[in-house]
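A.B. asks: Single-letter residue listing:
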Amino acid sequence: MNNAVTGPEPQIAPRERKPLISMRGVSKYFHAVHAVSNVDFEVYPGEVVAIVGDNGSGKSTLVKLLAGVFTPDSGTIEFEGEPVSISSPSVAQDLGIATVFQDLALSDNLSIVANLFLGREYNTRGFLADHQMEDEAVALFRKLKARMPSIRTRVSALSGGQKQSVAIARTMLGNPKVILLDEPTSALSITQSAEVLNLIESLRERGLGVVVISHNLAEVQAIADRIAVLRLGRNIGTFHAPDISYERLVALITGATDA
Amino acid sequence: MNAKSPTPGSQSSLRESNRARIIDAIKQFGGLTQVELAGATGLSAATVSNIVKELTAVGVLNTTQSIRSGRRAQHVTLARTPGLVGAVQFGLRHMRVAIADTSGTLLSDHRLPLGADHRADAGLDRAALLIADMLETVDAGTAELLGVALALPAPVDMTTGVISSPGIMRGWDHVPVTRVMGERINKPVAVANASNMGALGELKHGAAMGARHVLYIQAGQRIGAGLILNSQLFWGASGSAGEFGHMTVNPDGAICRCGNRGCLETEAGASVLLESLRGSHGVLTLGDMLRFADEGDLGCARVISDAGRKIGMAAANLCNVLNPERVVLGGDLAQAGDILLNPVREAIERFSLPSVAEDLTVTQGMLGTEAELLGVVQFALERFVEDGSILMGSGSASALSPFPTPDSTDLEDQ
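Each protein sequence line maps, in turn, to chains F and W.
Per the working numbering, the first sequence starts with residue 1, numbered consecutively.
Per the working numbering, the second sequence starts with residue 1, numbered consecutively.
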């Protein structure tokens, strides 16, 4: 069997926790604009880190630096302790960093299975191995505890939450170690957000490092283990989620107080 | 479930299991079209169509015409008794919302993670939105909703829904939950304590079934208890009975959220256990701790068994007073199984009167984390369904079995 879904169950012993990703003093400039300046940021296995901040605070730029869309102007990025240069999205993917952007990039006219395996279809002697792909898709959704009506449904018929789940599931096929989610619950109804949030929790349970950008502080506090607050391109503090109140978080984001 | 179960591997057992698959799938999604059912169960469209037809005839399923992607489709839902109740269970870090019909069958349920120290206004808003959304998925109007019951993990005044001990849930202090939720959904609302609901759940469907006197202990982030005396849940004067976690066990202990010192919760609550592991194991969640303990991590197992000893000592005192026949442990921490239960057993044996400990059994809850939600459903039914006979009276066969007794007319058709 292909090991995409049935890969080894990630196990993290509590004491040997090393960061999966560690950014040190990373900066990115667009001419005179300091989009991200001198940021330190870490992601550990089995945790959800939320990045919060106002518009233009550098959240998306930070994620794009990790996804290989941008390369940093200064600073170092380490992946599992090794210095790396994430020069392109495919380099990021090879390292095990998967990204779900806001637009999801799904093909509406194709079925769920076709979307999952788009560009990496299994085949036997030139014919598509439909059954194998379908079995694997069903197993994947079951593992993620995602509710999906039928894997043969066209994506255009799915709700926003289900589309988000398909996009997240697709990244899981590459057996990533880190998943970056850009605003996963924006424009979703309450039941759909509930499903996506539960999905994020099950990614965490499977030992992945999850980075979530979100504007919804109630959701951030619900799922994040740590919260990194960005303001004007600077990381002004990373907090354990239970230790920081909603009011303080708002104050930090808006600049009413300093960390 | 038929009286005689078919031989395994036979045609009829296959049919039986296909039926179960279809019913499970519908329960999971609330309602599906036949095409979606085929995809979700992996059965062929013809099989699905046959089974749906058959189950509709005997009154298990209900089909309505609808349109999906511009095509006509059969929307299949569970057939339900008229009238629905909503059940909302708030935990410290999540909430569960369910819709059940008057026979107690869960039609749809959802879970939503919540932040630490979540707020009443946001929580109740979301609960109301979820209920509205879920009513839609089971093809029901708001008119069918008879009422909503809520459970909070804190002592509550049952008439107003105000948390009677400020500080225990900071975001909910002084909020008259009954009125606030009533305004949002425009239906009768009842509020109760979550541990009592856990006890009710285990009494009706789980490990406390059939017993007359039971002490139900819920151990997790919070520690609470539900008392079942003479097969009835004991509420106390204002609904605060069973605040087991706030029994003083260490007069010099840490200050508790409730304002006292050295409550059981400050010694054996899950957050205290996790805090004590922070130095050696780093930041863990409750799930991590349980998993590591299960995998043989000594530190995690030790912390849990120490908590078990403390809970057992406090329970021993309570057993001396009540002389229950069963002690049922529920809540997240009880998932540790014997790692928690054995020290509880030992402590009760050692610290309670021999006559009390003699016939006492200490067991793990059967419903796990479902106990509270099922208890809330039960509570809602008792509160909002006027005709109690629907619950336990003559029609009970349909309440218990997934296949209701078919109407005689339907039988003749076949």
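It should be emphasised that the hints constitute simulated quantities derived from the structure, not laboratory data.
Don't take each hint at face value.
Said to hold, decoys possible - List of simulated lysine-lysine pairs, PhoX-like, C-alpha gap at most 25 angstroms:
| # | chain 1 | residue 1 | chain 2 | residue 2 |
| --- | --- | --- | --- | --- |
| 1 | W | K53 | F | K143 |
| 2 | F | K163 | F | K143 |
| 3 | F | K163 | W | K310 |
| 4 | F | K163 | F | K177 |
A.B. asks: Just pull the numbers of the violated hints for me, sorted ascending.
C.D. replies: 1 and 3
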